[in-house]
Amino acid sequence: MSNTVQQKERFHFLDGLRGIAASMIVIHHAFTSNIGKFLDAHHLGVLSFLYRNFTQSGVELFFVLSGVVLLRPYLRQERKFEVGKYFYRRARRIYPPFWGALAFGTLVVYLNTTYPTWYSRILIPFSFTNTVRQIAIFSPRGGYYNLAWWSLQIELLFYIFVPAVIYFSSKPERWNAKKLFFLIPFSIAAVVGLQMFFTNYLPGQYTIYHVSANIYKFIDYPVCFMMGTYLACKNENNNTARILMLLGLATLIVSYFYVPLVSSAYGLIYGGFIMMAFNTVSIKKVLSNPIMIWLGERSYSLFLIHFSVFYFTNFIVSHITPDRNSTYALLTRLIGIPLALFFAMLLFHFVERRQARGLLTEKAFWPWQAKKVMVDQGF
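Residue numbering for the sequence shown follows the numbering used here, starting at 1080 and increasing by one per position.
Since the hints were derived computationally from the structure, they do not count as laboratory data. All figures in this text were calculated on a predicted structure; none of them were measured in a lab. Using N, Cα and C, we set each Cβ at its ideal position, and we do this for glycine too. Any given hint could be a false lead.
[As the list claims (entries may be wrong)] Pairwise CB distance ranges (calculated):
id	residue 1	residue 2	range
1	L1409	N1209	27 to 33 Å
2	R1158	F1217	25 to 31 Å
3	F1444	P1264	45 to 51 Å
4	T1278	Q1156	37 to 43 Å
5	T1406	H1122	25 to 31 Å
6	T1196	F1265	48 to 54 Å
7	V1338	L1226	16 to 22 Å
8	I1370	T1278	39 to 45 Å
9	L1281	K1363	42 to 48 Å
10	G1124	F1444	41 to 47 Å
11	N1318	A1170	47 to 53 Å
[To be verified] Straight-line alpha carbon distances no greater than 25 Å define the calculated SDA-like cross-link-like pairs of lysine to any residue that follow:
id	residue 1	residue 2
12	K1313	G1115
13	K1363	V1454
14	K1451	R1403
15	K1450	G1437
16	K1364	T1193
17	K1257	L1236
18	K1258	N1279
19	K1363	I1322
20	K1116	R1432
21	K1450	H1428
22	K1363	E1157
23	K1363	Q1135
24	K1451	R1432
25	K1164	Y1246
26	K1442	V1452
27	K1116	S1367
28	K1313	V1333
29	K1313	R1253
30	K1116	I1414
31	K1258	M1355
32	K1363	Y1246
33	K1313	I1099
34	K1313	V1360
35	K1442	A1329
36	K1442	F1421
37	K1363	K1442
38	K1364	V1454
39	K1313	F1357
40	K1164	A1243
Start from the sequences and build out the full structure, keeping to the hints where you can.
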């Protein structure tokens, strides 16, 4: 496929949103626990709830974007859907960068296990069995060397369902906003029903009473994937987008009393925002900033490797601090965040970019090179 066609298939402002999603997840893992505890200690429970779930919602944003980006070419007949080629391309896109991140993550856990400090007891211990179990990404029980990887198997499960989704959504003209608004409450009711069923009958796999970072958590996200699928099918006006975001905010309020609704709430909010972004030049302009696109094109690498870099940084700093004191907190963040971005740049440069298509900043190793590279391509 020519580079011109590839560029037409790629909406670069969505890369800006990918960059935001990855940054939210990094912030969540770097700061949210301590800030949440501080807010709770000062009796600011509502603010703590909103902050914790907002930074975590980068996952929901990724899932909505996956539906839009992956399905749009097929549902709009811009590309013929061939099952074999589809699964091959998905595997080629997902697994090589993951294996690169797994190699680094394995090394970090090996060092933690072989040369333990007070920090080492926090991590899953290194073993050959634990390593092999993670190669295929799917791990029903969870237990990854990198805590962030649990959501990858949710994404892969959606990929498996894509042929069925395309079959049932193959005539986009049948869909409209009225049908979407009709489906939303039934989808949320189905999500709650599944959550209650698992909690009552299969609590070892999933329960509403604590986070189960395993494949069964897929039942929290149907609304996210539904919104991505709808956006892949149809264009809607900004009034529809605003209604979706208001419904999402209302659901978010309800989720304070029933937390597992948070994912559905953010699915609606982000679905509405992406719908509005397609229609709004000013939003596209902000999201298409060269730095935003540069970060977005590296968002998968950043997602894959940041937590392992945090583990590595924490391990090194734990040699000079006796516990999680203020010096430890300051040093691990000051070192860990820029180091995570640098390792993501390396993973992208040497592995991921070889699997991706339609990139604008492929040749810009450093972020400040992005603008020139994009101008040279006429963007």
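Hint-by-hint comparison with the structure:
Take L1409 and N1209: their Cβ atoms lie about 31 Å apart, and the range 27 to 33 Å holds. At about 27 Å, the beta-carbon gap between R1158 and F1217 stays in the expected band of 25 to 31 Å. For F1444 and P1264, the hinted distance range of 45 to 51 Å is satisfied, since their beta carbons lie about 48 Å from each other. Restraint check, T1278 to Q1156: a C-beta distance of roughly 42 Å satisfies the suggested window 37 to 43 Å.
About 28 Å separates the C-beta atoms of T1406 and H1122, a value consistent with the hinted range of 25 to 31 Å. A C-beta distance of roughly 51 Å is found between T1196 and F1265, which places it inside the suggested range of 48 to 54 Å. The hint said 16 to 22 Å for the Cβ distance between V1338 and L1226, and at roughly 19 Å that hint holds. About 43 Å separates the C-beta atoms of I1370 and T1278, a value consistent with the hinted range of 39 to 45 Å.
Between L1281 and K1363, the C-beta spacing of about 44 Å keeps the proposed range 42 to 48 Å intact. Taking the beta carbon of each, G1124 and F1444 are about 44 Å apart, inside 41 to 47 Å as hinted. With their beta carbons about 40 Å apart, N1318 and A1170 fall outside the hinted range of 47 to 53 Å. The straight-line distance between the Cα atoms of K1313 and G1115 is roughly 38 Å, outside the 25 Å bound, and the hint therefore fails.
For the suggested pair K1363 and V1454, the alpha carbons sit about 17 Å apart, so the restraint of at most 25 Å is met. A threshold of 25 Å between alpha carbons decides the hint, and for K1451 with R1403 the separation of about 43 Å lies outside it, so the pair is violated. Using a Cα cut-off of 25 Å, the hinted pair K1450 and G1437 holds, with the two alpha carbons roughly 16 Å apart. For a cut-off of 25 Å, the pair hint linking K1364 to T1193 is broken: about 49 Å separates their Cα positions.
Distance check on the hinted pair: K1257 and L1236 sit about 28 Å apart at the alpha-carbon level, beyond 25 Å; violated. Using a Cα cut-off of 25 Å, the hinted pair K1258 and N1279 is violated, with the two alpha carbons roughly 32 Å apart. Under the criterion of a C-alpha separation no larger than 25 Å, the hint pairing K1363 with I1322 is consistent with the structure, at around 20 Å. Between K1116 and R1432 the alpha-carbon distance is near 39 Å, which puts this suggested pair outside the 25 Å criterion.
Taking the CA atoms of K1450 and H1428, the gap is near 17 Å; set against the 25 Å cutoff, the hint holds. A threshold of 25 Å between alpha carbons decides the hint, and for K1363 with E1157 the separation of about 22 Å falls inside it, so the pair holds. A distance of roughly 24 Å separates the Cα atoms of K1363 and Q1135; the hinted pair therefore holds under the 25 Å criterion. The straight-line distance between the Cα atoms of K1451 and R1432 is roughly 18 Å, inside the 25 Å bound, and the hint therefore holds.
Using a Cα cut-off of 25 Å, the hinted pair K1164 and Y1246 holds, with the two alpha carbons roughly 16 Å apart. The straight-line distance between the Cα atoms of K1442 and V1452 is roughly 7 Å, inside the 25 Å bound, and the hint therefore holds. Straight-line distance between C-alpha atoms of K1116 and S1367 comes to about 35 Å, which puts the hinted pair past the 25 Å bound. Between K1313 and V1333 the alpha-carbon distance is near 28 Å, which puts this suggested pair outside the 25 Å criterion.
Straight-line distance between C-alpha atoms of K1313 and R1253 comes to about 10 Å, which keeps the hinted pair within the 25 Å bound. In summary, the hint linking K1116 to I1414 is supported, as the alpha carbons are separated by about 22 Å, within the 25 Å threshold. This hinted pair checks out: K1258 and M1355 have alpha carbons roughly 19 Å apart, not beyond 25 Å. Pair hint K1363 plus Y1246 does not hold up; C-alpha atoms about 31 Å apart against a cutoff of 25 Å.
Between K1313 and I1099 the alpha-carbon distance is near 24 Å, which keeps this suggested pair within the 25 Å criterion. Among the hinted pairs, K1313 with V1360 is consistent with the structure: their alpha-carbon atoms are about 18 Å apart, no more than 25 Å. Proximity of K1442 to A1329 is assessed by CA-CA distance (about 43 Å); at most 25 Å being required, the pair is judged violated. Between K1442 and F1421 the CA atoms are separated by roughly 15 Å; this keeps the pair inside 25 Å, and the hint holds.
Taking the CA atoms of K1363 and K1442, the gap is about 23 Å. The hint holds against a cut of 25 Å. Distance restraint check for K1364 and V1454: the Cα-Cα separation of roughly 15 Å lies within the 25 Å cut-off, and the hinted pair is therefore satisfied. Proximity of K1313 to F1357 is assessed by CA-CA distance (about 11 Å); at most 25 Å being required, the pair is judged to hold. Our distance criterion of 25 Å between C-alpha atoms is met by K1164 and A1243, whose separation comes to about 16 Å.
Checked against the numbered hints above, the structure violates hints 11, 12, 14, 16, 17, 18, 20, 27, 28, 32 and 35; every other hint is satisfied.
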